[in-house]
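Peer 1: Heads up: the sequence lines are chains A and B, in that order.
Start counting the first sequence at 1; every next residue gets the next number (the working numbering).
Start counting the second sequence at 1; every next residue gets the next number (the working numbering).
Be a bit skeptical, because a hint or two may be false.
[Claimed, not checked] Take a look, some chain B residues computed to stay more than 10 Å from chain A by CB distance: (1) R101; (2) P110; (3) S160; (4) I168; (5) I216.
[To be verified] Within a straight-line C-alpha distance of at most 25 Å, the following computed DMTMM-like cross-link-like pairs (lysine to aspartate or glutamate) qualify: (6) B/K201 x B/D42; (7) A/K78 x B/E147; (8) A/K135 x B/D42; (9) A/K136 x B/D163.
Please keep in mind that the hints were generated in silico from the structure rather than gathered at the bench.
Being a predicted model, the structure only gives us computed values, none of them experimental.
We put the beta carbon where it would ideally sit given N, CA and C, even for glycine.
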Amino acid sequence: MNDLSLALEFSGLNKQFISGDSGQKIPVIESIDYQLKWGTFLSIIGPSGCGKTTLLRIVAGLDQATKGQILINGQKIKNCDQRVGLIFQEYALFPWRTAIKNIEFGLETQKIAGNKRKKAAMEYIHAFGLQGFEKKYPKELSGGMKQRVAIARTLITNPDIVLMDEPFASLDSQTRNSLQEFLFSIWHQRKDTIIFVTHNVDEAVFLSDQVLVLSPRPAKIMKIYEVDIPRPRDRTSPEINTIRKEILENLSKN
Amino acid sequence: MKLTQFLLPIVLIICWQTASLLQIVPTYKFPSPLQIIYGFKDLIVIGMPPGHHLQYHILYSLYRVFWGYITAIILAIPLGILLGWSNRLRLLLQPILELIRPIPPLAWIPIAILWFGIGIKSAAFIIFLGAFFPILLNTISGVLSIEHILIEAARTLHASTKDIFFKILIPGSIPSILTGMRIGVGIGWMTLVAAEFTGVKQGYGLGYMIMTARDIHRPDEILAGMFLIGLIGFLIDIGLRLVERKLVQWK
């Protein structure tokens, strides 16, 4: 039976890489079972190289699991699953397209008419504070703006699940904070289901409903933290600090 | 270009003219700048051979280059994109291409004449060979230079394979394709003049023109023709540079 409240289900997920030279099997992800409810903001945190990105890539259908399965809305994922949107740390904007043309991309591929596309993209340009920059090429935008364009480009296609792979990792801390606030406000309006991979505990606690801590490779779920702190949150509040401390201690045990 | 850049050529031309006037340089072998200008005038007014005016030589040469070059573009760009996209196809065709590529286009002239006879077809074929490989190789490397993450991003944004070709691979490799097109037209143009040495049907063409000028010993017209060939090649390159600037603003 499908549980309709579930956006995503991992069951017995395993991933092995085969080493190129020796043919040796290297386990990257080991038996992950997890269920994600619609509208949840989930952060995944873990030591670098633990397989967080691989996990996201499997959900996006860019890599295949060795064992186990993933259901989105009760149905198995496909290759390059279009119910999933992926936001990259490196933005991955198309350099030959202007900001607005980047945002329109996912509508073009769905054969949505030009004027409708433009109108929808313009709404995102406004909502994302990109007015005046819509005709600029990515090379002319700051890192923070690039990431806003990338997020808009993904959200405009209304994916069931939004995956974010350390999206703010290459930004300076001020831009990073303002983008976190921005992402929160967008999520607060839209109630997207988000999986947010990061290695920044502050960011995870500030943004998420749940924080999932992974072990070093091969990745297993070490602990799931529920962050029941009302929003808008204050980064420096004692509740935030308590849970931050707990997660940091847990991470440093490894 | 800055004004000072013209200074050296002007000084050289004045020295050259002076040397000719003082008969330090034998003008029957090496005409003076003024004689070249008169030669140029003769090419326009009288023609070489007489009645075959310069503008028609230019038009015929451009016409041959146009067909060879267009054919090269039409075949090399799609093939290059396919070969850049598919590793298997690239590995399959690479040995054949690598074997044909080092053959100088001019070495094809005899077989081209045998296949196509003397005329536009064999000239265009030679140009085609000269332009094809630079365009092909640059297109392939253009596709290979596209970051894989962009293809993945497109895939997660509902792109079909057709979308990947038309919205990612082609625009992403345009800078490299244009470089290939510039190199290609340069080689094509150089190849053309040599191809025309071996004969042309209608008695027109810049290469044919300067060979005829040699036959009746008009070094002024030879040099005027040479300058013109260089100038046209230069102008074509400027034209393509303008296209390049327009199309790759994003880079």
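Peer 1: Against each hint, give a clear statement of whether it holds in the structure.
Peer 2: Verification of the hints:
1. R101: 29 Å, holds
2. P110: 44 Å, holds
3. S160: 7 Å, violated
4. I168: Violated, because the least Cβ-Cβ distance between B/I168 and chain A comes to about 7 Å, which does not exceed 10 Å.
5. I216: 54 Å, holds
6. B/K201 x B/D42: OK: B/K201 and B/D42 at ~23 Å, within 25 Å.
7. A/K78 x B/E147: Roughly 23 Å separates the two Cα atoms, so the pair holds.
8. A/K135 x B/D42: Since the Cα atoms of A/K135 and B/D42 sit roughly 53 Å apart, the hinted pair is violated (cutoff 25 Å).
9. A/K136 x B/D163: 23 Å, holds
Hints 3, 4 and 8 from the earlier list are contradicted by this structure; the remaining hints agree with it.
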